[in-house]
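Enquirer: Sequences listed follow chains A and B, in order. My numbering numbers the first residue of the first sequence as 806 and each following residue consecutively. My numbering numbers the first residue of the second sequence as 806 and each following residue consecutively.
For chains that are exact copies, the list does not tell them apart, and a pair is met inside one copy or across any two.
Calculated lysine-lysine pairs in the DSSO-like style (CA-CA distance at most 30 Å, straight line):
no., residue 1, residue 2
1, Lys-990, Lys-953
2, Lys-989, Lys-1093
3, Lys-990, Lys-1093
4, Lys-1001, Lys-953
5, Lys-953, Lys-989
6, Lys-1093, Lys-895
7, Lys-1001, Lys-990
8, Lys-1093, Lys-953
9, Lys-1001, Lys-1093
10, Lys-895, Lys-953
Hints listed in this document are in silico derivations from the structure and should not be mistaken for laboratory results. Note that this is a predicted model, so its numbers are computed, not measured.
Protein chains: 2
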Amino acid sequence: MIIALDAMGGDRAPREPIAGAVQAARELRLEIALVGRREIIEGELARQPHRPAGLRIVEAREVIAMGDSPAQAVRQKRDASTNVAMRLLKNGEVAAVVSAGNTGAVVASALFNLGRLPGIARPAICALFPSTEHGVLVLDVGANADCKPSYLVQFAHMGSTYMERMFAIPRPRVGLLNIGEEEKKGNELAQEVHQKLRRTHLNFIGNVEGQDITRGAVDVVVTDGFTGNVMVKATEAVLDFVFSRMRDIVSSRIQYQLAGLTLRGALRDMRRRLDYSEYGGVPLLGLKGIVIVAHGRSDAFAFKNALRTASEAASSDLLSALTGLPKK
Amino acid sequence: MIIALDAMGGDRAPREPIAGAVQAARELRLEIALVGRREIIEGELARQPHRPAGLRIVEAREVIAMGDSPAQAVRQKRDASTNVAMRLLKNGEVAAVVSAGNTGAVVASALFNLGRLPGIARPAICALFPSTEHGVLVLDVGANADCKPSYLVQFAHMGSTYMERMFAIPRPRVGLLNIGEEEKKGNELAQEVHQKLRRTHLNFIGNVEGQDITRGAVDVVVTDGFTGNVMVKATEAVLDFVFSRMRDIVSSRIQYQLAGLTLRGALRDMRRRLDYSEYGGVPLLGLKGIVIVAHGRSDAFAFKNALRTASEAASSDLLSALTGLPKK
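Okay, chain A solo, but in the shape it has when bound:
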């Protein structure tokens, strides 16, 4: 089984994806196809302490930039690394794709090259929020700014299946992101989705709010892509803000500096664990193929974990389980 890695995607590409691939090949014995410009990939590989077996290069001459329009990039840059990786997946040459590139373009490329699973109206981008061991899967966090109620019901089915297969949770608890516990709470969309979710066979636990996510009272949280995206970015911004303020405090006085040195490793560890995006990549759900999105900021460690996630998803029966979902 081979995993395709978009070697040109991410703020720190090509160095970090390639370093991550080297780690994953060595430590996890994964076979990885590095997709991108051959000479750049070769150059980066030459910088690595050694070149493990299991790595190959698939040439892709173009790169989708962060500022490119997703729809245009997919159609006009046919030979971009993201598109080439998706075509490998489509043709069965690889079992999954990992990319930290422009998320909009990854979604567009996956839609264009792979297509949607039967009965799924819209694919969803997921985020894993820190809380319990495995985190809480939140979807959609950005693929669909306007959602019909039926989309959120499909997200619930897909998210539940993902958490069940990937984390061996027997009946994942599904919550609806809302602004109060009572079923009559929320905007029209949330109220309608609440009623629909009650009629499914999912383990629907009702409306949830921020505190329910962080205390791990739920496994899967569904929301529209607008609200989900705002939530992800706001919480990320607040985390950045807290840790940067903390650095300011620690450096402000000599006795704080000493205390900071003592706590440094533990706090950095915590910071990393809070960065939901760093511990393994998150799936794009609803597509005919396993696509794992890594955060734009990902370092080698994060890429290694995303490759692991992709390999686990591809080895499981996730895709066939997703294909057999109820369609309402």
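Based on the hints, put chain B in the right spot on chain A.
Expert: Chain B only, in chain A's frame:
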């Protein structure tokens, strides 16, 4: 000028609101009407080190509980402290109301007893996010789950006026909470509001995201009450989570405990500053009267600051400035 304080409102009522009123009366020389059950308020006042001039009690026999339906509580508990305080404001006996009670009930009571400002379709609940000196005003954060585009334009006008009058910001930068910078980004509501805001005379800087808020690139952020409420609660939950994890780390090893002791005061200070709700209460905008909402968790310090905010708002020409806003 007298400020009415709902002495029965908040998770820590009546102790903390009353202690805050005592501090505000002593340190800020405010005149405060404590609204609630006389015997309870007298009992709490007796526990205070001394009873400053400027405090009076206005009897209200009933209390709105956190679980009460706002609409019912307002109509059926006519003698609840929140309702009595609003009637004092309506009758001109006080210049402003401060409450940390059930926010839904405070909004309902204000709407019922005071009514809306002319031309304002919906009142908005605000939050102050930490960032620059004064924070960033975000509205609506919960009064209106479903919004028409015109509501958000009104929120923008009200928020801009508030920041201009209360924080002496000449042309407050107004942003639209969205999921990308480009004007075509976002759900239908956001796209329509973007076009409308461009046609106002406000200092509209375009779409903003979480990072823009925390780095203080904007003064006023408008959004619908669903998205705003989710954002406020999620960021609050993440902050709680980070600080509780930090406590776990610090207590896990003896050398961490020592370092933690050194940093304790500074970190606690930071925590408090990050708690946007703690540093002075936030306005309900769009009503015929100054109503300041304090966070349910408020302690005496937070109540004192909320009383200060109320007094500053009442002394300014905020209400007449809000009354003269353009109506489209």
